[in-house]
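Novice: In order, the protein sequences belong to chains Y, D, F and G.
Counting from 1, position 253 in the first sequence corresponds to residue 252 in numbering that gives the first Met the number 0; the numbering is continuous, with no gaps.
Counting from 1, position 304 in the second sequence corresponds to residue 303 in numbering that gives the first Met the number 0; the numbering is continuous, with no gaps.
Counting from 1, position 163 in the third sequence corresponds to residue 162 in numbering that gives the first Met the number 0; the numbering is continuous, with no gaps.
Counting from 1, position 62 in the fourth sequence corresponds to residue 61 in numbering that gives the first Met the number 0; the numbering is continuous, with no gaps.
Just so you know, not all the hints are guaranteed correct.
Claimed, not checked - Taking lysine-lysine pairs in the DSBU-like style, the calculated list, with each CA pair at most 35 Å apart, reads:
#1 Lys310/F x Lys246/F
#2 Lys326/Y x Lys326/D
#3 Lys29/Y x Lys47/G
#4 Lys246/D x Lys94/Y
#5 Lys29/Y x Lys108/Y
#6 Lys29/Y x Lys29/G
#7 Lys108/Y x Lys81/Y
#8 Lys111/G x Lys29/G
#9 Lys47/Y x Lys29/G
#10 Lys133/F x Lys326/G
#11 Lys133/Y x Lys326/D
#12 Lys133/Y x Lys246/D
#13 Lys62/D x Lys47/F
#14 Lys326/D x Lys246/Y
#15 Lys2/F x Lys29/D
#16 Lys133/G x Lys94/G
#17 Lys326/F x Lys94/G
#18 Lys246/F x Lys246/Y
#19 Lys246/G x Lys94/F
#20 Lys29/D x Lys62/F
#21 Lys133/G x Lys29/Y
#22 Lys47/G x Lys2/Y
#23 Lys47/F x Lys29/D
#24 Lys47/F x Lys47/D
#25 Lys326/Y x Lys310/D
#26 Lys29/G x Lys62/Y
#27 Lys108/G x Lys133/G
#28 Lys47/Y x Lys133/G
#29 Lys2/D x Lys2/F
Claimed, not checked - Here chain G is said to cover these stretches of chain Y; the calculated rule only asks that three of the stretch's residues, wherever they fall, bring their Cβ under 8 Å from a Cβ of chain G:
#30 130-138
#31 244-251
#32 254-262
By construction, these hints were calculated from the structure, which means they are not laboratory data.
Note that the coordinates shown come from a computational prediction; the quantities given were computed from them, not determined experimentally.
Even for Gly, the Cβ is constructed at its ideal location relative to N, Cα and C.
4 protein chains.
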Amino acid sequence: MTKQIEVAMFGAGRIGNIHAGNVARHPGAKLRYVVDVHAPSAEALAAKHGARVASVEEALADKEVGAVVIGSSTDTHADLIKRAAAAGKAIFCEKPVDLDVERARACAKAVKDAGVTCMIGFQRRFDPTFAALKSRLEAGEIGEAEVLIVTSRDPAPPPASYIAHSGGVFKDMLIHDFDIFRWILGGEAVSVHATGGCPGLPEVAAAGDISHAAVTLRTRSGALCQINTSRRSAYGYDQRFEVLGSKGLLQAGNVRPTQVVAWNEHNISSDKPEAFFLERYRDAYALEIAHFFDALVNGTPVRTTIEDGIKALELAELATQSWREGKALECSI
Amino acid sequence: MTKQIEVAMFGAGRIGNIHAGNVARHPGAKLRYVVDVHAPSAEALAAKHGARVASVEEALADKEVGAVVIGSSTDTHADLIKRAAAAGKAIFCEKPVDLDVERARACAKAVKDAGVTCMIGFQRRFDPTFAALKSRLEAGEIGEAEVLIVTSRDPAPPPASYIAHSGGVFKDMLIHDFDIFRWILGGEAVSVHATGGCPGLPEVAAAGDISHAAVTLRTRSGALCQINTSRRSAYGYDQRFEVLGSKGLLQAGNVRPTQVVAWNEHNISSDKPEAFFLERYRDAYALEIAHFFDALVNGTPVRTTIEDGIKALELAELATQSWREGKALECSI
Amino acid sequence: MTKQIEVAMFGAGRIGNIHAGNVARHPGAKLRYVVDVHAPSAEALAAKHGARVASVEEALADKEVGAVVIGSSTDTHADLIKRAAAAGKAIFCEKPVDLDVERARACAKAVKDAGVTCMIGFQRRFDPTFAALKSRLEAGEIGEAEVLIVTSRDPAPPPASYIAHSGGVFKDMLIHDFDIFRWILGGEAVSVHATGGCPGLPEVAAAGDISHAAVTLRTRSGALCQINTSRRSAYGYDQRFEVLGSKGLLQAGNVRPTQVVAWNEHNISSDKPEAFFLERYRDAYALEIAHFFDALVNGTPVRTTIEDGIKALELAELATQSWREGKALECSI
Amino acid sequence: MTKQIEVAMFGAGRIGNIHAGNVARHPGAKLRYVVDVHAPSAEALAAKHGARVASVEEALADKEVGAVVIGSSTDTHADLIKRAAAAGKAIFCEKPVDLDVERARACAKAVKDAGVTCMIGFQRRFDPTFAALKSRLEAGEIGEAEVLIVTSRDPAPPPASYIAHSGGVFKDMLIHDFDIFRWILGGEAVSVHATGGCPGLPEVAAAGDISHAAVTLRTRSGALCQINTSRRSAYGYDQRFEVLGSKGLLQAGNVRPTQVVAWNEHNISSDKPEAFFLERYRDAYALEIAHFFDALVNGTPVRTTIEDGIKALELAELATQSWREGKALECSI
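Model the full structure from these sequences, guided by the hints.
Specialist: The following block contains the structure:
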């Protein structure tokens, strides 16, 4: 049996628990440390998987630790990436790298200088439906991709206090969709236009952000992308996209909890989509962690690099600027 | 039995045939004249419905004629509207009023001065699916409308010779979608952004137009609209839209010719959408003509006025300008 | 222009109105007479289409009448068929030929002796969805047909007074489904089993009938058919079937009034099926009448003959017997 | 932490591997022994989960073993149930209890005498879609259940050698569907009719069995059930049912691997169903094992008892007799 990679997990909150469980289930990985500023959370998560609580310093100093998984709050990512890189650890980090592009680039440089693997958690690329669509697109099923339409809606807005420090809707929510744009259309943007508003959600406006956004991107080859997003959706989490190609269309739909269909005197109905990202992307989270450790074990490249994290962040920054200035922007990302 | 309204039909081509058939089937209307510069077409259509061939002058001079239906080529619309208005006839005219906004406004003035009824043929408002969605929206089923996403794709581009004189994709194709925007969101635009390209269709670029377009509109109340269009769709005519409201989502889907579903070793499949507009909007064309004559008989207002025709044209003009200049435009339409 | 076939319509009720309208719209036919024991109904229908009211004798004596359409009550069918045949008229008759197999056979003999065309109104064979499925089946898309599952549910039971004289559920409702069985599996039955009950509808039991039935048929080649029916369906008229073949499955689904889909906090819903047979089979009724007159004009055979009417009736009789005796019956129909 | 229940796993084949994995993942259970006549299989499975290989005798003699999971071949079930009961172990046994009703009843008596828990593996009751439908039915969503239609098709027939010793299609395949009948309609059968054939599969006929079957059941309350099954389905594993109630209809559909929809010049297609039972019922297998150990830990009853196993077997036996004799049978199960 191959030696397992020992892992230090940073962050014992909601997403930390997801990642820790997936690490524990992966035959090539072993959870050694859990690190969190909130001690009870760290202890509970460590106990659940037979791991130990440690400080950042202890975890990074331990030569047995081969990889770190960063699932702590966004403002800690950059620091942890740089320190983990300096310690020679392989890194899996939740998106975003940082809310600031310059700091994110500094992380990328640190990773490059250290020569370590660094994967950013764009889990949507690992969703079975999205991944199957991508494979069929690459196999030429619909010819050249010409238009991408992305719908991305959260069930309900986070508290205003969160929004105020979220970096804004483009960095907080749409960063995933910008990654989908880059992944599916396979080319970089030459123009970005973003607009939006807060219909029915004045508290989001009061926090300096928008709740509803519409983004348009164009690639050098003339392919178009429209993204629509909303921080509120009465029917739950909505995650769909469709790609028009020269020979047809591929759509990636939502996942329903069950396949029950009810017919009554009013209508014919089926389940609404999975409630939120933890349910919708349960498999995707497991598959991205598996991909990371498989890549480490096999010495193959990871699918979503820190460069991908920076490109998506740059698009989010441009979109923010476009929205604020009310202008379409040219770019070369 | 109420006296039937005698009708002069201008245009005996494809759409003229559709309208003439619907006039003939309406109990309140009677097709009296068919007018077309191409005599054999006029004769064939007149014979089919027991009508007579006439010149424009003859038809408009006949006091028995109460209404005209204009389905001739776009460049004849303005002149016919003005002459029919001057003759005191009720007017049904295919969209667009004209490709030039000033000329269209002159028509509106002529109609107003003459005090005649003038309905513009935005038949999509009469499509049973679209109309049912609109009714449910107005009944408050999803609360306030916040986001409208419109998909509008033609099966294949027309000849380059047509495109060169079509007024461009925004006036030729999207004018319908701009009307949908105004009808569904019920407010006027304060900003317009349009972009596009010709992926895979260089002949469209050579004709000075684009084949693929992405338009974003915002209303004063902060509602957003994204329209995506393409002059080519391998799977046929695609006409869908969806409206996100504060309490839910309403989608209007395509119509399939049959309800057969096939399961085989590859997949589970159903029919692709109706082939093109004549099939997709067959019922809508009949219902709009019925609405026009019912309104005349009952003295009630028509649902799509010449003002609607001008507003949609203004949006098409702004979108064209936005695309040409690469800028988002503010407006107050 | 070809001379139109002059038609006498027997029956001015609900289905008579449907057929008369379709006759009036067919370019090869002209409605000359309407015959009904209820004079006001006959007069209203005749006025609507510019026809005259006549007695059975007058209509059949008129040499100008080339065809009759029988849409009067079931108990008049046999007599009218025989008299029309004797008068040399082509005959279109609503199903069933008669509730009594012997009398139906006598009609078939009369038709044969007279050498006239006689089509029975199994309109479902003309439904666009059902007909498309049949064409694809015949084209070999799913190989040999092995299993047919038919679902056939009415929205609500008729009055007990009607049920008592309806001939029972197998002749009144399932006769259409027995025709579907023969049409789709293309072979005759070697065994019939029927059972049923009246869950929740004791008034149907009191009228000596059942409201819910389950029928199983087997053909000589070993193909199987299951039919399930109900006189009550809270969600409206349900008309579906599916055919399993050696290479796949073909399903024929219900038709929905519109393609609106609604998403809300409870579920995702679409329209329930068309309300009842007049809506569901509107196109089918027009197409079967068109087929009848096209066949007369062109001298081609009709698709649903009086023999088909008798075969379906024989199956209904066997099913009734199987249900009453609680036995599976062998047969050779 | 509660003490884990130590488990002996009988059978290390395909289904044994599934169950062993689910036992290993359950926090309340611990896999202690693997027993299989094929030593390499037993060793591989034991090694995978840190368990030990043992003989039946060793495993049952160990006082630490609290439960056994029987996933060995059908002909070993009865003996193992009786021995495990005698040893005082809680029992989870794959369906069927035995192919012989008398031997199955003897097992039930042994279980009762020993006072041990015995759950039979009707995993379909734990399928999320089927279980959700059942809950909604019990909540009264569609009123009283009146008609149940079950479609149950395997992708391809097993080898003739297997079929010859399978007990026939009614015991081998439909036993699951008989359990669905009892579970959903909640009443016992008063009549059973079964028929079938081997269209296109003469090798099944040569093995003394049928490949296609149609079963009709009626309950005392007059509810009806039709089951159709086939040992071959070109499009994969098909597992659907629908329940008509006095107030509506509930359908349980297949599960698709992904939610990709493709539109092209031929049609609009989605994935065919999950390939076979291991994929379709992956969650159900985990949930039934979890239910078993949760019941043991909490002292609550199991949902599918050995009595359920016998009732389903009795229906399978009656259906076999009905088919062989060509008769509808009355019964009181």
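Novice: All hints, please: hold or fail.
Specialist: Results for each hint:
no. : hint                : in the structure
1   : Lys310/F x Lys246/F : 29 Å, holds
2   : Lys326/Y x Lys326/D : 7 Å, holds
3   : Lys29/Y x Lys47/G   : 16 Å, holds
4   : Lys246/D x Lys94/Y  : 30 Å, holds
5   : Lys29/Y x Lys108/Y  : 28 Å, holds
6   : Lys29/Y x Lys29/G   : 20 Å, holds
7   : Lys108/Y x Lys81/Y  : 9 Å, holds
8   : Lys111/G x Lys29/G  : 26 Å, holds
9   : Lys47/Y x Lys29/G   : 16 Å, holds
10  : Lys133/F x Lys326/G : 32 Å, holds
11  : Lys133/Y x Lys326/D : 32 Å, holds
12  : Lys133/Y x Lys246/D : 32 Å, holds
13  : Lys62/D x Lys47/F   : 28 Å, holds
14  : Lys326/D x Lys246/Y : 31 Å, holds
15  : Lys2/F x Lys29/D    : 24 Å, holds
16  : Lys133/G x Lys94/G  : 21 Å, holds
17  : Lys326/F x Lys94/G  : 32 Å, holds
18  : Lys246/F x Lys246/Y : 27 Å, holds
19  : Lys246/G x Lys94/F  : 30 Å, holds
20  : Lys29/D x Lys62/F   : 33 Å, holds
21  : Lys133/G x Lys29/Y  : 40 Å, violated
22  : Lys47/G x Lys2/Y    : 16 Å, holds
23  : Lys47/F x Lys29/D   : 16 Å, holds
24  : Lys47/F x Lys47/D   : 21 Å, holds
25  : Lys326/Y x Lys310/D : 24 Å, holds
26  : Lys29/G x Lys62/Y   : 33 Å, holds
27  : Lys108/G x Lys133/G : 30 Å, holds
28  : Lys47/Y x Lys133/G  : 34 Å, holds
29  : Lys2/D x Lys2/F     : 30 Å, holds
30  : 130-138             : holds (count 3)
31  : 244-251             : holds (count 6)
32  : 254-262             : holds (count 8)
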